[in-house]
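> What follows is the residue order along each chain.
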Amino acid sequence: MSMLDELRQPGAVRIEFQPIISLRDGEAKLYALEALSRGPRGTSLERAEVLFEYARRKGEEARLDLICIAEILNAASTLPGEPMITINVHGSTLSDADQFAERFLFAAESFGIDPKRLMLEIVEHRAPWTMERFRATLQSLRRAGVRIAVDDLGVGASNFRMIVDCRPDHLKIDRYIVHGCAKDRYRYAVLKSIVTLAEACGAAPIAEGVEDKDDLALITDLGISLLQGWLFAKSMLPADLARSSFLQQQPTRMKGSSR
Amino acid sequence: MNKRLLLVDDEETILFALERYFTRLGFIVDRARELEEAEALASFTAYDLVIADLSLSAEGTTEGLEIVRHVRRHCRNARTIILTGNATPVIEREAYRRGADVLLRKPRPLAEIANVVASLLGDAA
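Chains as they are written, first to last, in our numbering: chain A, 1 to 259; chain B, 1 to 125.
Errors might be hidden in some of the hints.
[What the hints assert, rightly or not] Okay, derived cross-link-like pairs now, SDA-like style, lysine to any residue, Cα gap no bigger than 25 Å in a straight line:
id, chain 1, residue 1, chain 2, residue 2
1, A, Lys58, B, Glu34
2, A, Lys29, A, Thr220
3, A, Lys58, B, Lys3
4, B, Lys3, B, Thr88
Note that these hints are calculated values from the structure, not bench results.
Note that the coordinates shown come from a computational prediction; the quantities given were computed from them, not determined experimentally.
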């Protein structure tokens with residue numbers, strides 16, 4: 001049995017959630033939960049980056065995306081409250097997977113999750129895909145209320161073309177740009193330009209990989225209020241998250257923050 | 001510091017034996033059964049050594065050579081050993097051309113493989 005066959009077994013793909021925090025006027029509130037997929041424990045695919053690289057090399061990223069989406073929606077349905085859930089998906093899946101929008105929305109309905117609570121973070125690893133189908137899929141998803149983000153902005157293949165093609169609600173700034181921005185004027189310059197770009201596009205930026213208080217101060221000074229990183233929370237299993245304070249909807253005061 | 005080793009073989013029993021043996025020798029061992037799995041691992045891990053079977057699917061295939069090429073690109077300092085039960089002079093030449101350090105004919109006692117590893121890594125394995 002190939003690793004891909006093993007991944008098809010129910011529960012083989014494990015899901016964790018990492019909170020995305022909204023920090024305004026010093027008050028931190030849960031904004032959304034990013035779903036993170038991991039391969040079977042004790043295997044080479046336990047590491048997410050290896051899991052998805054394996055699928056891409058097999059030419060099976062759409063199949064893996066669909067497996068992950070089913071597991072994510074299942075896990076999300078067990079969480080208390082109605083937090084927004086963000087889900088990573090390859091851009092190519094939106095055009096290559098047969099009737100992606102219909103299948104995605106059907107799965108959401110099956111698990112009792114309103115599509116308005118869902119956001120797709122689009123990652124790009126190969127292009128071109130069938131642009132007509134890609135746009136049609138995005139349109140169907142948007143019509144149902146699904147939000148769209150461009151993921152990994154600033155690194156790899158996630159480029160300005162993705163922003164033009166996706167018309168995103170959010171720009172997710174990769175941790176490579178975010179981490180260490182307080183001590184690196186080049187990272188700062190890129191961040192600043194992304195904030196300007198986001199404003200011009202009407203998309204809200206989300207900073208990933210916020211792990212340092214100096215970085216946080218600079219990021220919030222730039223006007224970025226949606227934050228994700230170990231400074232706030234690591235990823236958690238659904239059961240641990242359900243017990244955590246993040247789903248209590250009680251804003252908490254950030255010490256030393258002016259925003 | 002412990003050396004990182006990637007083992008690649010489609011035979012679970014061989015993987016199991018090699019993994020146990022080299023783990024006991026102090027290696028940190030990852031294992032893969034498919035070409036794409038090995039390539040994905042080597043894309044994100046700085047291995048010191050890769051031991052790959054030449055053929056990972058049907059008899060006569062040469063996925064191991066693809067792995068050598070990938071490792072040369074992504075883990076430049078890694079040493080590579082190809083294991084094979086049916087090496088021909090053509091395959092042998094191709095393996096070295098792609099950057100394999102050693103081509104070993106199977107079956108081979110684990111202790112012998114370990115000796116080759118030790119000489120490749122320049123210390124006692």
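> Holds or violated: are the alpha carbons of Lys58(A) and Lys3(B) at most 25 Å from each other?
violated (28 Å)
> For a C-alpha distance cap of 25 Å, please report whether Lys29(A) and Thr220(A) respect it.
Cα-Cα ~15 Å, so holds.
> With a cut-off of 25 Å on the C-alpha distance, tell me whether Lys3(B) and Thr88(B) pass.
violated (31 Å)
> Are Lys58(A) and Glu34(B) close enough, with their CA atoms no more than 25 Å apart?
holds (10 Å)
The structure fails hints 3 and 4 (numbered hints given earlier, in ascending order).
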